[in-house]
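Enquirer: In case you want the letters, here they are:
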Amino acid sequence: MISSSLIPCGQFKTSYAKDTTIFDTPVMRAWAVLSVLFLIAAPSFLNNYHLSILIQIGFMGIAALGLNILVGYTGQISLGHAGFFGFGAFASAWLNNSFGVPVVLAMPLAAVMTTVLGLLFGIPAGRLKGLYLAIATFASQFILEDFFARADWFSGGSSGAAAAPVNLFGYELSGDKGFFYVVLFWVVVMFLIGSNLLRTRDGRAFIAVRDHYLSAEVMGINLTKYRILSFGLSSFYAGLGGALYGHYLGFVSAEGFTILMSIEFLGMIIIGGLGSVAGTLMGTTFMVLLPEVMEGGVSIAKSLIGGDVSWLNEGLAYIKQASIGLAIILFLIFEPDGLIHRWRLGRSYWKLYPFSY
Amino acid sequence: MRNLLLASAAVTLVCTGTAQAADIAIGHLADLTGATASVSKPFAAGVADALNYINANGGVKGDKIAFETVDYSYQVPRAMAQYKKWTSESKLAAIQGWGTGDTEALVSSVAKDEIPYFSASYSGHLTDPQGKTSAKAAPYNFFYGPSYTDGCRGLVEWAAADWKKKGGKGQAKFVHMGDNHPYPNAPKDACGAYAKEKGFEILNPIQYSLKPGDFKAQCLSLKESGADYAYLANTSGSTISLLKSCETVGTKAQFMGNIWGMDEAGLKASGEAANGMTWVVAATTWADTTPGMTLVREISKLSDPSGKEERPSHYMRGICSAFYMKEAMDMATTMPGGVTGANIKAAMYKKSNWVPAGLEGVCLPSTWKADDHRGTTQVMVYQAAIKGEDVKMTKVYAAELPRRPEWLGW
Numbered sequence: 001m002i003s004s005s006l007i008p009c010g011q012f013k014t015s016y017a018k019d020t021t022i023f024d025t026p027v028m029r030a031w032a033v034l035s036v037l038f039l040i041a042a043p044s045f046l047n048n049y050h051l052s053i054l055i056q057i058g059f060m061g062i063a064a065l066g067l068n069i070l071v072g073y074t075g076q077i078s079l080g081h082a083g084f085f086g087f088g089a090f091a092s093a094w095l096n097n098s099f100g101v102p103v104v105l106a107m108p109l110a111a112v113m114t115t116v117l118g119l120l121f122g123i124p125a126g127r128l129k130g131l132y133l134a135i136a137t138f139a140s141q142f143i144l145e146d147f148f149a150r151a152d153w154f155s156g157g158s159s160g161a162a163a164a165p166v167n168l169f170g171y172e173l174s175g176d177k178g179f180f181y182v183v184l185f186w187v188v189v190m191f192l193i194g195s196n197l198l199r200t201r202d203g204r205a206f207i208a209v210r211d212h213y214l215s216a217e218v219m220g221i222n223l224t225k226y227r228i229l230s231f232g233l234s235s236f237y238a239g240l241g242g243a244l245y246g247h248y249l250g251f252v253s254a255e256g257f258t259i260l261m262s263i264e265f266l267g268m269i270i271i272g273g274l275g276s277v278a279g280t281l282m283g284t285t286f287m288v289l290l291p292e293v294m295e296g297g298v299s300i301a302k303s304l305i306g307g308d309v310s311w312l313n314e315g316l317a318y319i320k321q322a323s324i325g326l327a328i329i330l331f332l333i334f335e336p337d338g339l340i341h342r343w344r345l346g347r348s349y350w351k352l353y354p355f356s357y
Numbered sequence: 001m002r003n004l005l006l007a008s009a010a011v012t013l014v015c016t017g018t019a020q021a022a023d024i025a026i027g028h029l030a031d032l033t034g035a036t037a038s039v040s041k042p043f044a045a046g047v048a049d050a051l052n053y054i055n056a057n058g059g060v061k062g063d064k065i066a067f068e069t070v071d072y073s074y075q076v077p078r079a080m081a082q083y084k085k086w087t088s089e090s091k092l093a094a095i096q097g098w099g100t101g102d103t104e105a106l107v108s109s110v111a112k113d114e115i116p117y118f119s120a121s122y123s124g125h126l127t128d129p130q131g132k133t134s135a136k137a138a139p140y141n142f143f144y145g146p147s148y149t150d151g152c153r154g155l156v157e158w159a160a161a162d163w164k165k166k167g168g169k170g171q172a173k174f175v176h177m178g179d180n181h182p183y184p185n186a187p188k189d190a191c192g193a194y195a196k197e198k199g200f201e202i203l204n205p206i207q208y209s210l211k212p213g214d215f216k217a218q219c220l221s222l223k224e225s226g227a228d229y230a231y232l233a234n235t236s237g238s239t240i241s242l243l244k245s246c247e248t249v250g251t252k253a254q255f256m257g258n259i260w261g262m263d264e265a266g267l268k269a270s271g272e273a274a275n276g277m278t279w280v281v282a283a284t285t286w287a288d289t290t291p292g293m294t295l296v297r298e299i300s301k302l303s304d305p306s307g308k309e310e311r312p313s314h315y316m317r318g319i320c321s322a323f324y325m326k327e328a329m330d331m332a333t334t335m336p337g338g339v340t341g342a343n344i345k346a347a348m349y350k351k352s353n354w355v356p357a358g359l360e361g362v363c364l365p366s367t368w369k370a371d372d373h374r375g376t377t378q379v380m381v382y383q384a385a386i387k388g389e390d391v392k393m394t395k396v397y398a399a400e401l402p403r404r405p406e407w408l409g410w
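Chains as they are written, first to last, in this note's numbering: chain A, 1 to 357; chain B, 1 to 410.
For the record, the hints were derived by calculation from the structure and aren't laboratory data.
One should not assume that every hint holds.
For lysine-lysine, the following DSS-like pairs were computed, each having C-alpha atoms within a straight-line distance of at most 27 Å [claimed, not checked]: (1) A:302 <-> B:301; (2) A:302 <-> B:61; (3) B:169 <-> B:196; (4) B:351 <-> B:165.
Predicted model only: the values in this text are computed from it and were never measured.
All chains should be modelled from the sequences, with the hints used to inform the complete structure.
Expert: This is how it looks when you write it as structure tokens:
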């Protein structure tokens, strides 16, 4: 009795629809739905700290998925992702504060504004590749950072902008519990869009541009269009992530969106797995949890050694920072294909047990 | 398999990182490894040593203060996560915070959770607890010392007196120098307005990065602009580079630094380039012999038993910040409800012109009011005299600024 929950050992697909399906088996789909249901129930038994970590993973994950579409799928590079993330945060606060647009609407609108900006800053991508493109996007990072600090009318300049909490049908979703659902909604929507994007003509064009741009052009793919489109799309994700971040904190400051944050986004997708939607989420989880886990370690070490003495604090702080770096380096040495690869290996190990190769 | 194990290890670690069972739980954020570590380390050491000293000497009317110093590397999301962790584990009575980023990000959260936040960010708008003049009220934010703007205003007063003393002719020229960044920009407009009022001609601001580098270009602009007084709004690292570059270029402007812009270590590093520079100081220096320094030296021995380390002035400000909080907690013990955040806030308003017991001459007398969180408007201006290895700093001016209502939160 062969049930449809098993994957046949070979390619027996008879239609394109089967080939591009998101979930290979109904069991996998059931698992995905179950985990979303689990998350919906999560606020009833998790405390605010755990929820705030999940919220962070949520909005960072959305932005990182945007970068993965650009870097992992289209083969471009961006060192300015934090700039777009920040623009989304400011734009949403600005729409809400200056024009009274409700926050629920301001967030996607801010993402659209960021898209326009991304399309603009993506224009050099039509002509540049590799390191040259990296430097061009690097410029966009600095232009945006400077803009945030200068544009008083838009970002509040050096004093920053206040971002109102989400208000839905007169009910304020300001605490972690309320905001968790807002983030969860957008994570599910954006990750579904992300997965489905790659099953479309445009998604396949992105991959073709990445794999061999010359062949792609010969096949009739407009390289400039798809490269710039990819920038726009990734900016939409970044803008939405940023808007969620802004309304979660309740305050947006020009200080936070530095080049380091851009590099952290790159770290997330490289650790998670380039060109993988699920991997993006894993990489983000890893990067958000790592400092927290290390901090937990430091606090255990302190309680073992006893006392809160300043030399001990400083020593442990350095060990913590160094271990974060070390963990990332070890990861890249032992798992260069990302967490998603490890996940797939683990899954096939259990699936084939005890008859793995 | 392996990642399953890793994940479960991670979860255990995250879950077990809890504070010890607390009498009075407070949080302490510091930047020990990030961008502002050079000035945060002595400040954080001052806070931690002071709290340990309080615990070793009777605590808050017998109750100990349970705290944990957490390094957040000057990253706002980490400060946020840490805040949530603390607040979901126990009811915090107060937080000793650090810089611009974490303080601004937590303004509304601490107001909602009623947790007094004692920051080392002295932005003018934090002094407006009721949102009278600034866009956002900061009802639970306190800091010890003059705001950045008041510090700059104090320097402007000193500069006006200095110009008169030197017999300068005509209008003196004043320029603001700093990165285009929330922290250096905080006093820019308000201080410029006061300099104008005092008869200075205001030149276009000159921008120099918060990251140390070669600033000869900026020094050339400064030289060409003909500025007489230059206010340096950055932290000490980049200010040292600027002073060195300007020494090479040969500028004639008088440099004036803000409270985080210069310190004892900075003077040593700059050498003669910092000769004659003035800056804001809001507590005693290590060499002072005021009565309160006896207590400070006792506190310092907790992390330096030899007593040989010469602490920078930031350390003393850290102690002041912790002791004001402690005295407010003492007062809160007699209030209904005990030592809660709301009671500590109320206690902060009880006294006026007060100095924590034992720290006379170390902390400036301060007054907080329900509608005015400008603790002190007194600004001490110190000047460096450096010749070779010999570094001296002397107090040259003390400005007593008026509490103008329109200056609240600006």
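Enquirer: Does each hint fit the structure? Answer for all of them.
Expert: Here is how each hint holds up against the structure:
For the given pair, residue 302 (chain A) sits about 20 Å from residue 301 (chain B) by alpha-carbon distance, which is consistent with the 27 Å threshold. Proximity of residue 302 (chain A) to residue 61 (chain B) is assessed by CA-CA distance (about 26 Å); at most 27 Å being required, the pair is judged to hold. Proximity of residue 169 (chain B) to residue 196 (chain B) is assessed by CA-CA distance (about 16 Å); at most 27 Å being required, the pair is judged to hold. A C-alpha spacing of about 38 Å is found between residue 351 (chain B) and residue 165 (chain B), which places the hinted pair above 27 Å, so the restraint is violated.
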